[in-house]
Amino acid sequence: MKKFNTLTSVVASILDNDLNTDQIIPSVYLKDVNADLGFGLFAYLRRTPDGQSISDFVLEKPEFARSKILLVGDNFGCGSSREHAVWALQEFGFDCLIGLSFADLFMENCYKNGILPITLSSNDHHGLYKYICSDAVPVSISVDLEGCVITDANEIEICRFHIPQTQRMMLLEGLDDIGLTLKDESLINNWEKEALHKHSFFQSPIHPL
Amino acid sequence: MSKSPKTLFEKIWDLHSVGKRQDGRHLLYIDRHIIHELHVPHAFAKFSSSARPLRRKDLTAIVQDHTVPTRPGLELTSEHIRQARRYATQYGIRLIEVDSLEHGIVHIVSAEQGFAMPGFTLACPDSHASTVGALGCLSFGCGTSELEHILATQTIVIEKPKQMLVRLNGAMRIGVGAKDVALHLIRTLGVNAGRGYAVEFSGSCVSLMTLEERMTLCNMSIEWGCRTSIIAPDQKVYDWYVAKNLLTENASELQSMKEYWSELQSDSDATFDLVHELDCSMIVPQITWGTDPSQVVSISESIPTLDQIDTPLRVQAIKALDYMGLSEGQSLVGLSIDRVFIGSCSNSRIDDLRAAAHLIKGRQVASHVKAIVVPGSASIKRQAESEGLDDLFISAGFEWHNPGCSMCAGANGEVALAGERCVSTSNRNYENRQGRSVKTHLASPLMATAAALQGQICDVRDLF
Numbered sequence: 002m003k004k005f006n007t008l009t010s011v012v013a014s015i016l017d018n019d020l021n022t023d024q025i026i027p028s029v030y031l032k033d034v035n036a037d038l039g040f041g042l043f044a045y046l047r048r049t050p051d052g053q054s055i056s057d058f059v060l061e062k063p064e065f066a067r068s069k070i071l072l073v074g075d076n077f078g079c080g081s082s083r084e085h086a087v088w089a090l091q092e093f094g095f096d097c098l099i100g101l102s103f104a105d106l107f108m109e110n111c112y113k114n115g116i117l118p119i120t121l122s123s124n125d126h127h128g129l130y131k132y133i134c135s136d137a138v139p140v141s142i143s144v145d146l147e148g149c150v151i152t153d154a155n156e157i158e159i160c161r162f163h164i165p166q167t168q169r170m171m172l173l174e175g176l177d178d179i180g181l182t183l184k185d186e187s188l189i190n191n192w193e194k195e196a197l198h199k200h201s202f203f204q205s206p207i208h209p210l
Numbered sequence: 056m057s058k059s060p061k062t063l064f065e066k067i068w069d070l071h072s073v074g075k076r077q078d079g080r081h082l083l084y085i086d087r088h089i090i091h092e093l094h095v096p097h098a099f100a101k102f103s104s105s106a107r108p109l110r111r112k113d114l115t116a117i118v119q120d121h122t123v124p125t126r127p128g129l130e131l132t133s134e135h136i137r138q139a140r141r142y143a144t145q146y147g148i149r150l151i152e153v154d155s156l157e158h159g160i161v162h163i164v165s166a167e168q169g170f171a172m173p174g175f176t177l178a179c180p181d182s183h184a185s186t187v188g189a190l191g192c193l194s195f196g197c198g199t200s201e202l203e204h205i206l207a208t209q210t211i212v213i214e215k216p217k218q219m220l221v222r223l224n225g226a227m228r229i230g231v232g233a234k235d236v237a238l239h240l241i242r243t244l245g246v247n248a249g250r251g252y253a254v255e256f257s258g259s260c261v262s263l264m265t266l267e268e269r270m271t272l273c274n275m276s277i278e279w280g281c282r283t284s285i286i287a288p289d290q291k292v293y294d295w296y297v298a299k300n301l302l303t304e305n306a307s308e309l310q311s312m313k314e315y316w317s318e319l320q321s322d323s324d325a326t327f328d329l330v331h332e333l334d335c336s337m338i339v340p341q342i343t344w345g346t347d348p349s350q351v352v353s354i355s356e357s358i359p360t361l362d363q364i365d366t367p368l369r370v371q372a373i374k375a376l377d378y379m380g381l382s383e384g385q386s387l388v389g390l391s392i393d394r395v396f397i398g399s400c401s402n403s404r405i406d407d408l409r410a411a412a413h414l415i416k417g418r419q420v421a422s423h424v425k426a427i428v429v430p431g432s433a434s435i436k437r438q439a440e441s442e443g444l445d446d447l448f449i450s451a452g453f454e455w456h457n458p459g460c461s462m463c464a465g466a467n468g469e470v471a472l473a474g475e476r477c478v479s480t481s482n483r484n485y486e487n488r489q490g491r492s493v494k495t496h497l498a499s500p501l502m503a504t505a506a507a508l509q510g511q512i513c514d515v516r517d518l519f
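Chains A and B, in that order, are what the protein sequence lines are. First residue of the first sequence? That's 2 in my numbering, and the numbers climb one at a time after it. First residue of the second sequence? That's 56 in my numbering, and the numbers climb one at a time after it.
For reference, chain B alone in the conformation it holds in the complex (with noise of 0.2 angstroms):
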């Protein structure tokens, strides 16, 4: 009997599923889980008052992120980054410290350090956990209590999701990239397309996109509700994981597991529940004008009017342009604003800043424009230096931190003030985010220096 056709999710999926409960939902094992500080004093401090022994302590690694200052000369610390470090030794969990070679955002470390692997699970409490998802590891981001559970138990409790493929096609132009393509899924299919979903991203887009676009691509997806996000592991894939000397040394569980890797990806009739295309040779630069990642605009493109937008979004418009400053029919070019943010977990890598720094071309951020660039990684910050970016930024006027979630989150204080705009590469536009009243426009690492350069939001195309 030939077996039945399988996705991508499904192969790894069934690997995986430890048991059924009796409600349908599944116990999935978690091959690796990379805590991050910010959830580690409540988790730990429930989870060792239960007396629960910590199954796989050698599955499992601490990342401090969130909570780091990342301002050059600031003490590295915060309550949260002392509690990790005291529960790391308590139950000798590896911890990625704060001033170690391998620091920096915890989705970014999971790529570099080799934790996400492609074929394996991983659970992170952090949303954004899919990103990894861009190298085959099946990546499911979880709460505080879900991150006890997995301690206890090292599995997850987890109805299995629907499976949705997304063909993105045609090459990107100029000017565009991962991001661009990100936002304007979104805008297509809403901020809720996703959920309920596990979505695989194929097609000759993602064929040509470097690992770091298509960890952008994944990154994004949680901000269309889906529950995860892979795409299935190619050559580019295995030649990062040998030019990081990742893989094992011992030859037969290599050969095993080129086996296993080999097998990873969707059977040509697997079934998907739900099919979206999306040609993306048409894409131009995007920015965001509202409150939640779906309210996009190409840079080209006005606002909409309120009668071009669906009846049951209109209400959340009225509310979002009201919140941002805007009216209806605006357009975004020639808008001032007063700061920039190129990091986070979305927009943060090597390439990320290669494109930001490569932009500048001796010219300076405006003079009313605070910009800050924050590698998303030591290894990363590294190799920008090495390339000279740092002193390219620097001499543009732009600050040049340590890796950390910084602006994107907030939770170390790197907030802009209050009702400032801010152009930035993180993954949220939510109102307050990053900082109280301040008005943020997600776009691409491009589109963010040019804006820092010419002191307004403007199309990056015209820089080049």
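Only chain A is shown next, with the shape it has when bound in the complex (with noise of 0.2 angstroms):
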């Protein structure tokens, strides 16, 4: 996984509440295991159904096609556990995630993935959407990983916000969540014998091998 530094990007804001992963990659998208994920990013909101591109939807144009920061509402991500979504988000480019809230399920796939969700008080939010919308071109803003912060084109504070301390780390060393838990595979191996030992009803195959 790539490690994720200070990030600086213009910044697309789609600020709809309960974004369900459905909106995000429709699951016509999903039939095909080669299918283009970035292309079918809200795909019923970026094209008509003859495939003609809707021009105002904010990822049409062509100032926020190279965003790697999308700014979204309350509840985004929620519905269908599908990874797919956060794919689709990564293969059109976004890196970083803020919003208001978003689904648990959705908010963990992030995390495993290299992408960063941050979640901002609602006080916070209104004033980076102010921010953004301050001047009629496109704005950058940076968020610093590793300060927590977030600045404007000037470098100066916006807000600052929370997230774990070992999704941060995890994030910063772009670490995998599954070498971190093998560093404990003996707990796991002492809770299969004990499990063997006390519930071994547990351990009984679903497959005789």
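Careful, some of the hints might be misleading.
Across the chosen pairs, the derived CB separations fall in these ranges [what the hints assert, rightly or not]:
(1) ASP154/B / THR7/A: 52 to 60 angstroms
(2) PRO50/A / GLU440/B: 32 to 40 angstroms
(3) ASP17/A / ASP154/B: 37 to 45 angstroms
(4) ARG137/B / LEU183/A: 25 to 33 angstroms
FYI, nobody ran anything at the bench for these hints, they're computed from the structure. C-beta atoms are modelled at their ideal positions from N, C-alpha and C, and glycine is treated no differently.
Build the complex from these two chains, which are given one at a time in their own frames, with help from the hints.
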């Protein structure tokens, strides 16, 4: 997994609340194992049924085509647990999502894939939104994960954010969750041994070997 | 010293907690890892390239369900199905094949094959994993990376959820089922109410429910954000395992399992972070009008007017009404429909099919409606056919399909035509979920059948 450092980018914003993973990546893009998920991202919001670009939609505007930061609303990523939603955002180019809140499973999927999901208070969220709307042309912000701070184009602090320590460290170091767990493999071995002794049925195979 | 009181969830959780990470999250042991093929290609490609060993193939199974074509006569295949076959062979994992006697939707197969057992932990890469919470099995939906994590470690990394008790009181009225209770609950509490919580359902309404109904209730818990849901196993649960011959023949193991099962209820003085109570005796048939599962009305009610909707929800409501082609204050009764889908892990069990088939009573599906019935598993399909339910459906004009997820997720290509209005027994009414610009109304199998027969949304109780 690549390491997450400071990220500087213009901010695309889609502020609707409760955007679910079916909207983020419609199931038709799940059928094909080689589908271009970046193309499928928000497909029905970006294109008409006959495939014409909806030029009003933020991701169809050329100035946001290379944006790495997406500002979202409340309860983003709810619904189906499909991780394709996170991959689609990533394949489009987003490395950081900033919102009022994220659905539990979606947020976990973000961390696991190296996307930084930042939750802001409504005050800070509003402040950030005001800043990115402050100019007719899109303005850049920087997200500094080391210092947990978001700054504007002049490096002036817009707001600070909080992220759990372990997830922060994993993103900063590009650490894989499995590697981290396998450091504690002896705990798993011990659990299995004890289970065999006390609750052997937990360990009874589905599938006789 | 007396033991500190615990909830049912905590009893199972504590037994399965392998350790705690510095950040407070737990490593939780997974007794049963049940995968479906939609996640296989990505997860296994990554896993096999990592060259890590599969820790417990004997506790892992793959079920083919999401991408299986269910229309009779179609070849039962997809790229996902082929890849699931390849990896199952490579790793020696039990595979529930598309044409096997055990085939079906993963959550239903988990219950029927005894993968899910009371007091066990189960993980499945699907948000409706908690369907089997109805059997007292602590189950977690997970993502593809988490799936890979379980393959390598047989654990998940998870923050301990808060504890919520939802007490459902009173007997359900005639014509009302678990789907109505679930929809009413989501309407009452909102789509976010369960976020961060493990929910236990209890109360006289739950005790009276069949296991199939309890599965519908638990199935819908993700639709209001719950991390998982569970119901304390009672005699009905034990009867299920005995009837399906799923219990071990090893006498001492069976004895110790029964002792364990006898402890599987929340202690009377256990602490919950939040308790909700709902009187279910007042609930009448429910149906969704919008594009999230909390936008629900009783069939006797009209869609709320905008000033009756809480301000923060109003913008969503306006969007939903626009998408659904409906107006505030409108009654849904009499609204013409194009399609009916009876199926999904929410409502495709034998009880659901019996209720639907017996409502027909010689009536016909309206000529402008296309209605399909997709049993949840091959076993349910065989049972239904042995009772002649397939004949009742087919002669009334329903299509009788093979088991699979079908129009619930649409991942097998079975979707409605653009713009069609569909009454569906599945669990999600999101925009475009059942096909582009398709307008989905979630309801019980009874309400869906009634709509198919009348060609319009109606109160099923008028057909009794």
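For each hint, the structure was consulted:
1. ASP154/B / THR7/A: 52 to 60 angstroms: Distance hint for ASP154/B, THR7/A holds at roughly 54 angstroms.
2. PRO50/A / GLU440/B: 32 to 40 angstroms: holds, 39 angstroms
3. ASP17/A / ASP154/B: 37 to 45 angstroms: Roughly 43 angstroms apart at Cβ, these two residues keep to the hinted range, so it holds.
4. ARG137/B / LEU183/A: 25 to 33 angstroms: holds, 31 angstroms
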